[in-house]
Amino acid sequence: MKLDTNCENTWCPGCGNFGILNVFKKAVLELEKKGVKRNKIAIVSGIGCSSKIVDYLNLNSFCSLHGRPIASAQGIKLGNPELKVIVFMGDGGCYNEGIAHLIHAAKRNTDITVLVHNNRNFALTTGQFTATSPKGFKGASAPQGSVEEPFNPLKLMLASNASFIARGYSAREDHLKNLIVKAVEHSGFSFIDILQPCITFFNTYGLYNERVYEMESSQLDTKNKIMQKIEEWEYEDNGSKIPIGIFYKQKKPVFETELYKKSENHKLKKVEDLI
Amino acid sequence: MNKEYSILIGGEAGQGSRKAGFIIAKLFSEYGYRIFIYDDYQSLIKGGHNFSNIRASKEKILSHKGKNDFLLALDERTMTEHKKDLDKNGVMIYDSGKYFLNLKNKRGIPAQKIVRELGGIPIMKNIAIIAGFAKTVGIKWQVLEKVLKEEIKRSQDLNLKIAKTIFDEIQSDFKIEKLKQKTLPLISGNEAVALGAVQAGLNLYIAYPMTPASGVLHYLAKNKDSLGVNVVHLENEIAVANAAIGAVCSGARTMVGTSGGGFALMTEALSLAAQNESALVIVESQRMSPASGVPTYTAQGDLLFTLFAGHGDILKFVIAPGDAEEAFLWSGEILNLSWKYQTPSILLIDKEISESTFSFDKTVLNKVKRTEPTMWDKQQGEYKRYTITKNGISPIAFMGEKDAVVKINSYEHDEFGITIDDIDGIKKMQDKRLRKFEGMKKEVEKLNAVNVFGNKNSKKAIIVWGSTKGPAKEVAEKLGVKMIQPVIIQPFPEKQMKEVLKGVKKLILFETNATGQMEKVLNSYGIKVDKKVLKYDARPFLPEEIERGIK
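Chains as they are written, first to last, in the working numbering: chain A, 4 to 278; chain B, 1146 to 1696.
Just so you know, these hints were derived from the structure itself, not from any lab. As the structure is a computational prediction, the values presented were derived from the model and not from experiment. Cβ coordinates follow ideal geometry from the N, Cα and C atoms, glycine included. Do not take every clue at face value.
Unchecked claim - Quick list of the computed label-pair ranges, beta carbon to beta carbon:
(1) A/Phe154 to B/Glu1588: 17 to 23 Å
(2) A/Glu85 to B/Lys1523: 44 to 50 Å
(3) A/Lys158 to B/Lys1507: 53 to 59 Å
(4) B/Asp1682 to A/Lys265: 24 to 30 Å
(5) A/Thr13 to B/Gly1373: 43 to 49 Å
Put together the whole structure using the sequences plus the hints.
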């Protein structure tokens, strides 16, 4: 069965989302080779340019509300723990509207993968600043420039006890594909902040092509080193280098497995026996 | 003596008055009495003032009364504050070791003294007071011992010793008649909601704690393994409702529960469930006043909110049961209905139903069973989640099913589930959902959507909904007037209402809110009420108040 649908693609020509779509299709084929059944994949999105991706993929999908895909995804996983559940969200949905869900999903180590299409602005609503826009970002809601400093989502994920934290770049396709495959294979909560240039409202291709580099994850063997690496770039445009790759990975008990454990010696009873 | 008793037991939070009230109710239940317990407690953990009103009667009763035959005081405040609630022949039962009481009908129990002598802790005073009461009214030791053994697990021996010492020291002044009726189990409305849903195949309960709905969460969490249900407590009500919709799409029969404030947060997801056609079932247990309101007290103030909640043209089931048995029945039925029509539903109850305790007739269990929705048959070819059908219902396949690509969408979509914005496509999909709504309206008329009690031929009728059924039914039966109780409120059972209103010349409405919300609903279907009696002091109607309202 083909992976594409007949849906017309409406992203701007040159949009970073094309890179993510291409990469994800390759990742699905690779996961299939590794034994993941296609019908056991469920992809979840919210609102915004990023979220159109579900319409373009012939896979089980759930297009949720703005900010809510992580909540929807956890429900899908709870309803059928066999599924590989992968969330695609924009930075507006993930870091602004729905940030509580991100933090708690990481904290409880729910077995889903969150891929953030981080174009660092609200694009489909015509270019307002988000939590990861640099200070001074000029958009329709702040024409003189945003007065807020961005936050670093990787730091937030580390503080929230996420068990897989990575950053990718939509134009480094092979690197990103490997990250996605590893994230999906990770048992527990996996998170990738994907740098995705927005060709219309925040064209960062030049900046990322110049500054992004693939780091050596194996050297990140202490929390201090991890934090230093995460803090190398604080989402401002100050000329610093931007590391991509896996910053942190740890094996931890998985939420759904722990939650669904039955107590010892439990006996299934009928309703009438409980009244 | 009469075959009906009202007992009030009160004390500080932490003194165990609620547990004591339940034990007293169980004693009467063992003697064949039908029970209703109203629990009045404040939003605090220690101190303050809590009390329970236990009513025990030969007949089935669903409300408590203002005047009591016995007042059991665990603290001084109960003695002073509730003296007025004692019937003129009523008896005060109190700790004679601690307080002096100038009252004719009293029975002092040396509670504190005995507890201290036997090396007990202060909370055990409630056992002393219970034992003193039981002996005063002539309940047999064997019955008291049985109930205490069932209900008191911690320091059981010492508690029994305290009870026996008091029991032997006190005289019997009365003899409660043992009724020739079998003992019925006692359950709270929240437990009934939980068990009704399980009876209809509940797989998953997701919630965020909020009084007075938390009891459903707590009960299911405690019994999840025996009931074969999974229970999840998520970060907020927004996550709860959205996760529930996700779980429905991957195959779990799911229910969520909250009160007004939490429901407000869920309304966004309510609209999503209508649009993506998911059986999101929400238990909304109302409490008093807007915003944080009065957390531990009752009201029927969210009717209009639940009926209109959700943006866009959506229709849902809103069902308001009136007691524990109805809560069990409709909790199961609403799951079945929600799945049949793949649409969100609200089971609208209140603190009075959630946290009151009722004698429960188990025959209602046979009335609830899981029914299956229309499922996808592989022979039908390529799966389309939103297949256009004559009745608007598209066969369901769950995410993960072999040979099916299941595409769920919050945007307007085509049959396959792909986002659209074309003129024809939008109208076609809305029309499909509208046909489903027509089916829901017809379905409601086939169900017992409106209850009638009392004298069915009476020209004078009272109309109530939800928990107000309790006191109203009793009064309607006593005075021989008709009582009408719409249980399904959306879709509104117009035909059944028209039928039951035939011959009614005077219609009086009772509800516990400040603006007459049911009146507005009735008016919108052309039904006028001649008088409305509203109560909004966060307490349920008492039968005597309904009686005054009718006259």
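Hints versus structure:
1. A/Phe154 to B/Glu1588: 17 to 23 Å: 50 Å, violated
2. A/Glu85 to B/Lys1523: 44 to 50 Å: 19 Å, violated
3. A/Lys158 to B/Lys1507: 53 to 59 Å: 57 Å, holds
4. B/Asp1682 to A/Lys265: 24 to 30 Å: Given a distance of about 46 Å, which is not inside 24 to 30 Å, the answer is violated.
5. A/Thr13 to B/Gly1373: 43 to 49 Å: 46 Å, holds
Checked against the numbered hints given earlier, the structure breaks hints 1, 2 and 4 and satisfies all the rest.
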